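Asks: If you want the building blocks of each chain, they are given just below.
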Amino acid sequence: MSDLIRKTAAELGALIAAGEVSAAEVAEAHLDRMAEVEPKVQAFLHVDRETTLEQARAVDARLRAGEKLGPLAGVPVAHKDIFATRDMPTTAASKILEGWRPPYDATVTARLREAGLVILGKTNLDEFAMGSSTENSAYHVTHNPWDLSKVPGGSSGGSSAAVAAYEAPLSTGTDTGGSIRQPASVTGIVGMKPTYGGSSRYGLIAFASSLDTPGPFARNVLDAALLHEAFSGHDPMDSTSIDRPVPSVVEAARNPDIAGMRVGVVKEFAGEGYQAGVLARYHEAVQLLESLGAKVVEVSCPSFTTALPAYYLIAPSECSSNLARFDAMRYGLRVGDDGTRSAEEVMALTRAAGFGDEVKRRIMLGTYALSSGYYDAYYGQAQKVRTVISREFEAAYQQVDVLVSPTTPTTAFGIGERADDPIAMYLADLCTIPSNLAGNAAMSVPCGLADEDNLPVGLQIMAPVLADDRCYRVGAAVEKALESRWGGPLLKEAPSL
Amino acid sequence: MTMVYDEALERFEPVLGLETHVELGTRSKMFCGCKTTFGAPPNTQVCPTCLALPGALPVANAAAIESTIRIGLALNCSIAEWCRFARKNYFYPDMPKNYQISQYDEPLCFDGYVDVEVDGKPVRIEIERVHLEEDTGKSTHVGGATGRIQGADYSIVDYNRAGIPLVEIVTKPIPGTDRLAPEVAKAYVTELREIMRSLGVSDVRMEEGSLRCDVNVSLMPRSAAEWGTRTETKNVNSLRSVERAVRSEIERQAGILSDGGKIIQETRHFHEDTGTTTSGRSKEEAQDYRYFPEPDLVPIAPDPAWVSELKAALPELPSVRRKRLQAEWGLSDLDMQAMHNADAIDLVEATVAAGAPAADARKWWMGELARRANETGTTLAELPITPAQIARVTELVASGALNDKLAREVLEGVLAGEGTPDEVVEKRGLQIVSDEGELLAIIDQVLADNADAAEKVRSGKIAAAGALVGGVMRASKGKADAARARQLILEKLGVSE
Chain A
3 MSDLIRKTAA
13 ELGALIAAGE
23 VSAAEVAEAH
33 LDRMAEVEPK
43 VQAFLHVDRE
53 TTLEQARAVD
63 ARLRAGEKLG
73 PLAGVPVAHK
83 DIFATRDMPT
93 TAASKILEGW
103 RPPYDATVTA
113 RLREAGLVIL
123 GKTNLDEFAM
133 GSSTENSAYH
143 VTHNPWDLSK
153 VPGGSSGGSS
163 AAVAAYEAPL
173 STGTDTGGSI
183 RQPASVTGIV
193 GMKPTYGGSS
203 RYGLIAFASS
213 LDTPGPFARN
223 VLDAALLHEA
233 FSGHDPMDST
243 SIDRPVPSVV
253 EAARNPDIAG
263 MRVGVVKEFA
273 GEGYQAGVLA
283 RYHEAVQLLE
293 SLGAKVVEVS
303 CPSFTTALPA
313 YYLIAPSECS
323 SNLARFDAMR
333 YGLRVGDDGT
343 RSAEEVMALT
353 RAAGFGDEVK
363 RRIMLGTYAL
373 SSGYYDAYYG
383 QAQKVRTVIS
393 REFEAAYQQV
403 DVLVSPTTPT
413 TAFGIGERAD
423 DPIAMYLADL
433 CTIPSNLAGN
443 AAMSVPCGLA
453 DEDNLPVGLQ
463 IMAPVLADDR
473 CYRVGAAVEK
483 ALESRWGGPL
493 LKEAPSL
Chain B
25 MTMVYDEALE
35 RFEPVLGLET
45 HVELGTRSKM
55 FCGCKTTFGA
65 PPNTQVCPTC
75 LALPGALPVA
85 NAAAIESTIR
95 IGLALNCSIA
105 EWCRFARKNY
115 FYPDMPKNYQ
125 ISQYDEPLCF
135 DGYVDVEVDG
145 KPVRIEIERV
155 HLEEDTGKST
165 HVGGATGRIQ
175 GADYSIVDYN
185 RAGIPLVEIV
195 TKPIPGTDRL
205 APEVAKAYVT
215 ELREIMRSLG
225 VSDVRMEEGS
235 LRCDVNVSLM
245 PRSAAEWGTR
255 TETKNVNSLR
265 SVERAVRSEI
275 ERQAGILSDG
285 GKIIQETRHF
295 HEDTGTTTSG
305 RSKEEAQDYR
315 YFPEPDLVPI
325 APDPAWVSEL
335 KAALPELPSV
345 RRKRLQAEWG
355 LSDLDMQAMH
365 NADAIDLVEA
375 TVAAGAPAAD
385 ARKWWMGELA
395 RRANETGTTL
405 AELPITPAQI
415 ARVTELVASG
425 ALNDKLAREV
435 LEGVLAGEGT
445 PDEVVEKRGL
455 QIVSDEGELL
465 AIIDQVLADN
475 ADAAEKVRSG
485 KIAAAGALVG
495 GVMRASKGKA
505 DAARARQLIL
515 EKLGVSE
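Protein chains in written order, with my numbering: chain A, 3 to 499; chain B, 25 to 521.
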């Protein structure tokens, strides 16, 4: 049965629906795989075999009872440990929430539960999704299945590693500045940041509210689309959720015809600072698109280079406020409550002990940027940059249907390599941040291995707000063409664990 | 040393400012579906959103936005075409998120005014802004002398109130009130309270905290061109306290300024028992609230057509209604003002609506019933008698079935819980004696007992008849119709008037 873990989510869903295999058997196969590789990969923060099998058996019962469930019924999924789950702890990889069990489900969790997906566990991340390597987890480091000495990207590194290591066919992540696309890129899988407002943030522990976007990870474009469709759509519990009909992403993934599509190559995202092997695969991917009938043009978006500094004012500002609720009063860690200290002292001691360095760094940055006398120069100015970037996207989309770039300037870097250099770490998100600031859709799809290190390279496909389907159409076209060239998925090349 | 009020006013001119918080009477809270019932057991009206559990999000209450716009329109404000909520960041245990969702530089309503009348003099109070925010939880500090957090042994928090919609109404500085400053402040809050009642947006009970007032006072020397430093007095929980707090601050500040001292810009607390204020936290060490636009909520953009509809559907406002009723009832300004001060207008209007002449309705409510209320320390509205019952009494008087003295006894019976006016008349046997045989028998007896007086009348001194009528009234225990008795006495003695 161990070949079950090599199947796509779509195939697993079909097998389960046909009664050829049970959800429990599929869950068990993945749990066994986890038992085997987790000691090396460490993608998960929380695994509970019994709860998972119980869920799987319940789905089997629902199917036997004739309940009409979606195409992913019985398929397992791993959740980034930033989505509230009522039957598993939810920590955001922070000590301040150690052991916290939410009394409610995030909308993403609830919708996938309703659709019959089985939760394999909660995956590791950079604490509160702040980081690009998953090294900022308060619990442990996660390893890249392609090379265990490398990071799996971040912040959703547990989710990318779990899918790349065949521990899970699907996983969820959140993308605030690239936290889905960059880990997908460096682990050789597909990761999608939906349009902001296209997927609900309710029950997602907030890092930066105006940027956070839940999205799917999968080993192929169609699986990502199926997962995307299963949890997205308007949610009355999230005011920023968009209540408008959207083109089907699953249909787009099934129809990879891009003849006549206009593809814009972002001029600013190449050149100095980019790894040669990354650029080589990227340029080949662009040629591939052209050979598939797309009209490729170069597009200049000069403000995109200012996105990174703007992001590092806006995201920390919002986080400084969002993380204020972790104050030891109602839940989570409480330090120093010995009957002699004031509430204020207990709050301060708890936050000092409960937050890691990167979280503290961003809270302080954000507090400073919002302070009276500095607001206009920092937060206010960053918002203006954000508007300019959105306008540049709009202007670009007057000329082209999608924009492309490398997902990240380099392949996976070594564990510990950038841990003491925040700026080097922040550069990993250089190409992904503009889409977060503009709120539009963007995907990373594998486009080969870099010659110098044999590690995966991702192609980023960006599309206008609510045109997520274009990412899937182009992504599926690239995937199809490359797979026929490679004779199978890129992950086949991954050293077996 | 404080300075006596008259002397303070001779030397200084006060400038007022009032910030009033009104808890809206919506069924659910501002940003979640929790109930808002007053007095529910602690922490029973809470949910993930109003407890600020990780991942929970706010959704704005449309009814609260509508109420706020109606308040703005009633206060002659302009309504913003587009505005946002903002986060006000500060740590306090009764504020679950450690930020309050409020409005900052984009209030929903702005630039309005309220007209009040004090001592027959019209005063226009300009409104700076009306904005919408959420209330905090309620802390109770246990142990310690002051009931405040400093010095308490421990504190307990009830989050039922956290998230109840709160409208803040801020006046522009009010100069030129002179010695009437306390009365103007009271008249303004009274008028606001009536406007809120007429709109039906809040129960505006100061004692339950659904109407709260912060009083700003500064003084400037009579010759000065610039306003002085102001203080903000909180904990002003009744209309009378508004008046007393202003007076007390004027006296206190005048004392300091006369001694060559300086006023510190600070928050002060009003004490109901002493009628004075004490220092709270100083504004100099005040926090930087780091306001920024709330990213979890979308902007409010009220449709101008809808705002026009709301404006057209506003109820008759209290000041307009008072003018109309005064004209209808033909009352003097002074009478109307007295009724207003006694909260009698609604009662008189209801009594008139039940069929009583306005003059009679006013006479009873402002005379006998006001005296009763005063004696028992209750308000007119709290007396156990209805406007319809008063109307019935006036009807009985008009028909000659009762005279004023008997009517007062009927009211006493109703107030004592003996039933309706008719039941009291019946039980106490209070009908005017209309049986002429009985009356003539009483008259004969009185004439026999008072032969001297009878002789005087007979000889033309008609004025002496008064004593005989008095005798008849005494003998009949007040039940005789005095006019008829006089007529019959004169007939019997053979004289005419």
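If you are wondering where the hints come from, they were derived from the structure by calculation, not from laboratory data.
Just so you know, these numbers come straight off a predicted model, no measurement behind them.
Cβ coordinates follow ideal geometry from the N, Cα and C atoms, glycine included.
Be aware that one or more of the hints could be misleading.
Think about it this way: if two alpha-carbon atoms lie no more than 25 Å apart in a straight line, the pair counts; the simulated SDA-like pairs of lysine to any residue are [what the hints assert, rightly or not]: (1) B:162 - A:351; (2) A:97 - B:218; (3) A:362 - B:218; (4) B:480 - A:279; (5) B:196 - B:218; (6) A:269 - A:279; (7) A:386 - B:196; (8) B:112 - A:279.
Some chain A residues flagged as far from chain B (calculated, every beta-carbon gap over 10 Å) [stated by the list, open to error]: (9) 89; (10) 327; (11) 390.
Asks: Indicate, hint by hint, whether the structure satisfies it.
Replies: Consistency of the hints with the structure:
1. At roughly 24 Å between alpha-carbon atoms, residue 162 of chain B and residue 351 of chain A fall within 25 Å of each other, so this suggested pair holds.
2. For the hint pairing residue 97 of chain A with residue 218 of chain B, the CA-to-CA distance comes to about 52 Å; that exceeds 25 Å, so the pair is violated.
3. For the suggested pair residue 362 of chain A and residue 218 of chain B, the alpha carbons sit about 50 Å apart, so the restraint of at most 25 Å is broken.
4. Taking the CA atoms of residue 480 of chain B and residue 279 of chain A, the gap is about 135 Å. The hint is violated against a cut of 25 Å.
5. About 20 Å separates the Cα atoms of residue 196 of chain B and residue 218 of chain B, which keeps this hinted pair within 25 Å; it holds.
6. For the proposed pair residue 269 of chain A and residue 279 of chain A, the alpha carbon gap of about 18 Å is at most 25 Å, so the pair holds.
7. Distance check on the hinted pair: residue 386 of chain A and residue 196 of chain B sit about 32 Å apart at the alpha-carbon level, beyond 25 Å; violated.
8. A C-alpha spacing of about 48 Å is found between residue 112 of chain B and residue 279 of chain A, which places the hinted pair above 25 Å, so the restraint is violated.
9. With a closest Cβ-Cβ approach of about 15 Å to chain B, residue 89 of chain A is found to remain outside the 10 Å limit, as its non-interface label requires.
10. For residue 327 of chain A, the condition that its CB be more than 10 Å from all CB atoms of chain B is violated, with the nearest at approximately 4 Å.
11. Here residue 390 of chain A stays apart from chain B, with its beta-carbon at least about 18 Å from theirs, past the 10 Å limit.
Checked against the numbered hints listed earlier, the structure breaks hints 2, 3, 4, 7, 8, 10; every other hint is satisfied.
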